[in-house]
Structure formats: C-alpha cells, structure tokens
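Start from the sequences and build out the full structure, keeping to the hints where you can.
The primary structure of each chain is shown beneath.
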Amino acid sequence: MPETGRAELARQWAGALSRTAYVPLSRGDIEAMLGGLLDGLFDALLAAEFSAGAGTEAGRRLVAAHFTGEQSLSRTVEVLGVALPASPELRGVDGLAGKVVSLLGELASGYANALRVRTLDQQETVKLALLKASENARKRLEASEVNFRELFASSAVGIAISDLDGKLLEANETLGDIVGRPAAELVGQYVHELFHPEDTATFVAAYQGLLSGRNPRLRLDRQLRLLGKDGEPVWAYLAVSLLHDLAGRPTRQVTVVEDVTELHLLGDRLSHQSLHDALTGLPNQQFFVSTLESVVGRDSPSSVKLFKLDLDGFAVVNDGLGRRVGDQLLRSVAARLLSVVAGEKATVARFGADEFAILVEDSPTSPDVATLAERINTELAEPVYIDGNGMAVSACIGVVEHRGGVTDPAELLRAAETTLRRVKSGGTRQWGLFDPHRDVAERARRRLAATMPSAWENGEVGLEYQPLARLADGEIVGVEALLRWDHPERGPIPHRECLSLAEETGLVLPLGDWMLCKACEQLSALGWAVPVLHVNLTAQQSNDPDLVSCVRRALRKSGSDAARLLVGMPATALASDVGDAEDNVRALGDLGVAIALLEYGGAEDLARLEDPAVRTVRVAHGLVDRVALASPDDSLVAAAVPGLLAPVRARGITVIAADLRTRAQAAWWHAAGADVGQGRYLAPPGPLTPPRRKQSS
Amino acid sequence: MQEKLAWVPDGVNVDVPSSARIYDYVLGGGHNFATDREAAERLLKAVPARDMARLNRAFLRRAVLFMVDSGIRQFLDLGSGIPTVGNVHEVAQGADPSCRVLYVDIEAIAVAHSQLLLAGNDNASVIRADLREPESILDSPEAQQMLDLDQPLGLLVVGVMQFVPDSDDPWGVMARYRDRLAPGSYLAMSHFTPDGMPEAMARAVEVFKTTQEPAYPRAHSEVTRFFDGFELVDPGLVYTVQWRPESPSEVGDEPHRSNLYAAVGRRS
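Quick note, the sequences are listed as chains A and B, same order.
Using the working numbering, read the first sequence as starting at 1 and increasing by one per residue.
Using the working numbering, read the second sequence as starting at 1001 and increasing by one per residue.
Careful, some of the hints might be misleading.
To be verified - DSS-like mimics (lysine-lysine), calculated; alpha carbons at most 30 Å apart, straight line:
#1 B:K1209 with A:K132
#2 A:K167 with A:K229
#3 A:K229 with B:K1209
#4 A:K229 with A:K345
#5 B:K1209 with A:K127
#6 B:K1045 with B:K1209
#7 A:K167 with A:K127
#8 A:K139 with A:K127
Claimed, not checked - Here are a few chain B residues that face chain A, going by a calculated C-beta distance under 8 Å:
#9 N1032
#10 R1054
#11 R1061
#12 V1085
#13 S1247
#14 V1251
These are computed hints drawn from the structure, not numbers from a lab.
All residues carry an ideal CB built from backbone N, CA and C; glycine is no exception.
Right under this line is the structure:
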C-alpha cells in the first residue's frame, strides 16, 4: 500500500534524523511532519510535469523545523537517496533516478539557502541583543549618574572632585558654604589651597598615602582646618579617596569634608570646663596637679614655691551671709591672689570650698616666701564690699620650697598640706614653712597612731597601775589604771602618749571602755584590795555620750561597787558647753561613782568645783612640773599653790598631786595642801599586786 | 586591590565565550559570535557536546510537559540562557496557552535577547538576576506580577547549577528556593557529571575555564542532595536520556555519554 510505504519511510527518515538535531516535537509529530514532506516529494515524482520545487520546499521546511544538525542534511539525502529510487510506489516513473537526483539537489539547495538566511537572521538577532544589552547598561549608568548628581548636589557634607594633581574639577554647594565662596569659583583651584597653611602638609601626605595604593580610601582621624570666610578656621573631618577608570587606573581624587567646627568648639569648652573651677575661673585641682607634675617632673635647676591656702572662718560667711555672698567673696579672693603673683610665672588654683593653691616658678626677681605670704594676707585684708557690707578674710598658708631637681608632686602637695594644718592649729592668719625634721617626727607619730588599733588588738597595749598614798601617813588609798604600749621597735610607750595617740584616731573611746572594764575586772579579781580605782579620762572620753553605759557595764561585769570607782575628767571638758561631759558627771554621780577634776590649776577651774559631784581634784601636772623646776622660795607659782588649794580643802574636796618624784616633793605638796600623792617617789607604774599597806615615812 | 567601579556595564562581553551561546551553537543555532564557536569546537574535541546538548534539551521538554500534565501552569526557569530551540514558554504554552513563565539569567546579552523575543508575550518575561540570591528573584516586581508563589510552581534548574561552585553553597541556595515553594510544586534539574566519562569531562572543565562560566560537574550523590525536601518521581536521578524517554529505543547502549544527570522532584 502506498501509505504504508510512505509511513514506513517517514519513520525511517525520522529515526535517521533523531540523533542529528534536537527538535521540540514528539516522535509522532516528527513522523507526521516528515510524512507531509514525503507526500510533497512523491507527488512531484509522480507528476506528469516534473518540477523540483517540492525539493526546495522540503529543504526549507527541514531548516524551519530545526533539523539543522551537522548530519541532518547528509542523513536525509542518504535515506531518501536509497529509499526513493527503490520505492514500490514509484516503480513506474519515467527517469526516476534522474528526477530523484534533481529533487534531492533542490532539497539540498533549499536547505542551504534556508540555513544561510536563518543563520543571518540569528546573527542579526544576537547583534540586536547585544545592542539592547548595551542600551540597558547605558540606561543603568544614566540612572546611576542621575543618582550621583542628586547626592552630590544635596549632600550635607562638602564634596570636591579633583584631578590627580589636586586641581578642582567639581565642588558641591555645601563645600562652597564651608569655605565661604560660591562652589563654581572653586573650580580650577587646588584642593590643598583650601586648607589652613599649617594643615596643608597633613592633607597632602594623606593623598600621597592614597596614591601609593594600599587603601582606596582614607578617613583622617584628626580634624584639619580649612580656611573659611574671612580666613576663619573651619574644623573638618575629612575622607579622601580615589576614583579609577575601567582599567583600574586612578583618575580622580574625591575629598569629602564634614564641618565640625561647632563640635570642635564644644570640645574645647568642655575640656576647659573639666580643668577649671566654674565659680572662679581658676584652674581646678586636676589641672594644677598636672601643671605641677610637668614643672617638677623635669630635671631642671629652677626652684618652685608651693603655697597651700585655707581661708579662715569662711564657713561663717557662707552660713551667716548666704551662699551668694560667699561665692562673690571667693571670686574676689581669686582675683586678689592672681594679682599677688601677677608679675610671676605662677599658677593659682582653687582646690575646692575655701582651699586655694599657688605655684610659683622662681625667677631671679621672685620675692621670697615671707614677702609673698605677707602680700597674700595684705591683699586679702582689703575689704571687699558686697551688698553694702564690707568684709575681709585672712588665710592660713602652708608653704614648701623645692630647690630644683625631679620630685614627686604628690609629696610636695602633702608637705604643703601638713604645714598648713600645723600652722592652722596656731590660730588665724598664720603661715609657715615646711619643716622636714618636724615632718619626719610627725610622720612617725602618725604612723604610730595609725598602727595603734591593731597593736591593741594584738595585745601589745596593756594596763599597768600606779598607787596613790595618803601624804599624811603613806597609806595606800588607791591605784590609777594606766595604759602601756610595749612597742616592738620603740619600746614601752607610756600612758600619756598612748592617750594622745589614741585620741588622734578616735581609738581612745573603745580603748577607754576596755580600760574601764579590764581594770575593774583585775581589781575585782584581787578582791578589791585597794579602796579606789582611779580612771582618768581625756576630754573626748569625758564628752562621750556612751560613757555612763560603759561605766555601768564595767561595774556590772566585774561585780564591783560604784563607790570603788573614781573617774577623772579634765577641767576644760567640763568648762565647755559642747559635749556631754556635764551630763555625764551628773549621771555618774547618780550612779555613785566619784568624780575627780583633772588638771586643776586655774581660776576657771574653781567654778567647776561648784558641781556637787566633784569630790576630788588632781592638780594640773603642768603645775607640779613647774613647782618641781622652780626653786620653791622664788617661784610665784609655788607661793600661790597653798592659796589655790585652801578653798578646795575647805570644802572637803580631796586633792591629789601626781608625778611626784621625790619624797621631798611629796612632803612639799603635803604641806601645800595635797591629800594624796602619786608618783615615782611611791612606786612606778607596774602590774597589779597586792599593795604594801604602809609606806614608812 | 583596586575596587571595581559600579558603573562599568558588566556582562556585556563578547570577547569571552559564554556557555549559553556555546550551547546554542552546538544545538545548531546561529546566535553566537566567533569566540563562542571557537570554544565550542574545542569542547567538541573533548566531549560529545552536540549529543549532550540535544539530550539535555529533550529532557527539558519532557520535564515541562510532565509538569503541565501534573497541573503546573507557572514556571520559573533559572539560568535560561538565550532563546534557542524549544523554549520553555513555547513548550508549555503549546500544551496550555495560559502557562506563565519567568526566565532568569545573569548574562546581559542573553537577557536582552530574551527581552526581544518575549516582547508582546503577556505570559512570559525575563529578568536579569543572580540565581544565588533567591530573594532578589522571588521578591522582584516581575515575579510578583508573573507568578503566584502560593500556587504550585515548576522550578527549572536545568544545566545551570553546574556553573555554581561549592563555595557559593548551591545546596543552601536550592533550599532557599525550596522553602518558598507551595506544596505540589515541582523541581526539574539536570547537571553535568564526571561519573560517566571522567577524563573527557575533565577536559571539558578545562575548556569551560576559558569561558565566562567555569563548570563544576558533580557526582550522583552530590546532585541527589539538591533534591532534599523533594520526592523524586520515577525513575529518580538518571542520565538525561534515561529520564522517561518517549520510547525505550531512544535510550541506546551508552546512556552515560549524555554526561548529565536529570530528575524531577515533587514538593509535598
């Protein structure tokens, strides 16, 4: 059957072509398509008038269907060239072989032409694609340019684009504002010309760094100055970078300028504030110390004087007249101090409250310490009028001189401080020069005082006792509890010094408390073999609001009778309105504890005797010493003593004289009116032992 | 290192051969330049590139038709290259004219070419994007217009992952696409492999090094990994010529010479 024959041929042809090219059709569709071509070919071969046009058409349609593989044409010709002449359907055709050849030739020709056209079309398409791609890219570039222009124009920072020599090609308006000229005017200038002459070099160096190629951009961490309007400096942060062409070669410089003048000024102000006292405008302590450091930190032969001042009674002004007046006074003080050292290389500082310091770097014409100190107080003595009130202040001054060479500024300050404190205790308007020896001694003493609390805890501080005897018959009437510090290096430190050291740190209160308890305990343990325990207090102890409860505790813990205890308080403590001494006296008296007035020796002390609780006095040890030193016949004091003691005795108040060294002294005091003696003549301080009952006279 | 300037039009490069244009040439097309043809000739000396291309393209057609049969009406074709024989939209729209296709390629000329071809087709468009940035594609205005990610999608990653090196974590990239696909979506993939003709593919890799896209053929297990989270449909991951051939006779005796693995997976 013809159809079967053609269908079979179509299948064969499809099979041959299938490996030659990819055609997006199913096998069935391919066979159908090729079948259609075959029909055309057969028709042409069978036609009465032969025309090879069907061949051309078939070739063209093969190309159209994408049968354009390398082998597609040759396989086609192979298959058809064998099958067509042998086709049963075509057996009767005249000149079949020739017609087949002709047909296949036309097929090949049609194929080739179609292929050529197709290739040309495709090449054209791909070139159009190339053009379109370039067009797309150009549009993107344009959009990017537009964005850049917008950014450039509207940026809040100044932008300059220059060539590699630094000649400005473009500048935005902000840059113009920063340097105070229209942006257009800047074109043609050199970028480094925009800078302050001192900063030009830094800027140029930054660019050299860029060109040498490691970083494409640099942000300078220092602010540089540009020249603004009227040559005013404009502080700016800069970032510089390079732009490159397509080949990666640098072609342009970009400088981005951020105006930070305000920030800079703010920074300056802040830094000023942190180093200066807000009220007076003087340098503050921090600034002063660092100035001091730089002056004495260098090894120079020049000498300096350091003054530390404290205004006398300034609190009175502040509290009495108010803060505002106080502030104005401080400002006038500051101005006056500055005028005192006006001609010198000096720094005046306010350390706080009413403390000032002055550092003078000596020149050949600098006045000496005394002159300056006097001058300071002379200046301050001039009254200043505030709200119609004239007032003046004075100051205590501690001075230390340093004659050249390196030293520790903290040491100098400390020296001035300690000197100031020392002179202050002497009154107002005092000045003094640093005494290194005294200083050494003072430091040793301070160290001692500071270590006392732990020494006490370690048991280095103990109690000892000294007996008191009736001068008439030598009968032991009591013992005084005394402190004794067995210091490992200094040896034994006696009672008075212990108390004084303890007073410095406030240790005296717990120490006193312990002393009371311990003494009562020890005496109680010995069965109260002596009638009375004398515990003599310092002023601080006397004023202690807890004194009475301490005493109660001591008595209770030791199970002792209050009458066994005699507490001594210094006359000065009782004289004062401040503190609880008077109340304590009364309360202790109520307890049944006896009170002695210590350091009795002056007229005011008589007034204290009015207190009914005071039944005993101890003569001021200074008085005893004075009498001991003087020749008894000449001394005014010696002559006055009996008169001093008489009224006391008349009242039945017991008089104790202590620190008696010799029997003769004891006798004298007995004659002068003392009842009880204490001192080396009788026994030195020592451990508690059952006493000898009588001293043989 | 000098920085590249952003405004250099990258991608418009006719001096370095492009894999898309080489592909077109070995398929018998004319959309290529002399450098592409020269590289193609070198490739043909190493591997049977014409057969590889033909069989790969045939797989793509069968995969698309399979997806259409499974109900898919929208396609995302990553690395679509230049419009050559049997484009996805022609195949899909031939089966159902309502099918929508979004083509994606990174190469500027390929994209421009597709733009020219697709002018006037409302159901197909092309964008220039890097397939390694899924979000840049899936969230683009064109994707929002052409595709509906709430509906099943046919994701075509045919002959393109072989140009993404391990260092770009192609499996991670694939996972990011997978996670945006609605259930019922399909993934069709083909990929160069050295498993069949190791020395030949090694020589091919050398040729590709001289093009814009160096190639990274992968072994069976590595290609299977791309289908994590997908269920492979029969016959699983096989050579292109073996994947659901129209008739068994087409497979031939040496399927490994097709040098690409192919599979389709379903996202459940």
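Hints versus structure:
1. With a C-alpha separation of about 27 Å, the suggested pairing of K1209 (chain B) with K132 (chain A) holds against the 30 Å cut-off.
2. A threshold of 30 Å between alpha carbons decides the hint, and for K167 (chain A) with K229 (chain A) the separation of about 21 Å falls inside it, so the pair holds.
3. About 60 Å separates the Cα atoms of K229 (chain A) and K1209 (chain B), which puts this hinted pair outside 30 Å; it is violated.
4. Among the hinted pairs, K229 (chain A) with K345 (chain A) is inconsistent with the structure: their alpha-carbon atoms are about 37 Å apart, more than 30 Å.
5. Distance check on the hinted pair: K1209 (chain B) and K127 (chain A) sit about 25 Å apart at the alpha-carbon level, within 30 Å; holds.
6. At roughly 15 Å between alpha-carbon atoms, K1045 (chain B) and K1209 (chain B) fall within 30 Å of each other, so this suggested pair holds.
7. With a C-alpha separation of about 42 Å, the suggested pairing of K167 (chain A) with K127 (chain A) is violated against the 30 Å cut-off.
8. Straight-line distance between C-alpha atoms of K139 (chain A) and K127 (chain A) comes to about 18 Å, which keeps the hinted pair within the 30 Å bound.
9. Because the beta carbon of N1032 (chain B) sits about 7 Å from the nearest beta carbon in chain A, less than 8 Å, this interface hint is met.
10. With 8 Å as the threshold, the beta carbon of R1054 (chain B) comes within range of chain A, its nearest partner Cβ sitting at about 4 Å, so the hint holds.
11. Evaluation of the R1061 (chain B) hint against chain A yields a held restraint, the C-beta minimum of about 5 Å falling below 8 Å.
12. Interface restraint check: V1085 (chain B) against chain A, minimum CB-CB distance 5 Å, threshold 8 Å, status holds.
13. For S1247 (chain B), the interface hint holds, since its Cβ comes within 8 Å of a Cβ in chain A; the closest pair sits about 7 Å apart.
14. Here the hint on V1251 (chain B) is broken, as its CB sits about 12 Å from the closest CB of chain A, past 8 Å.
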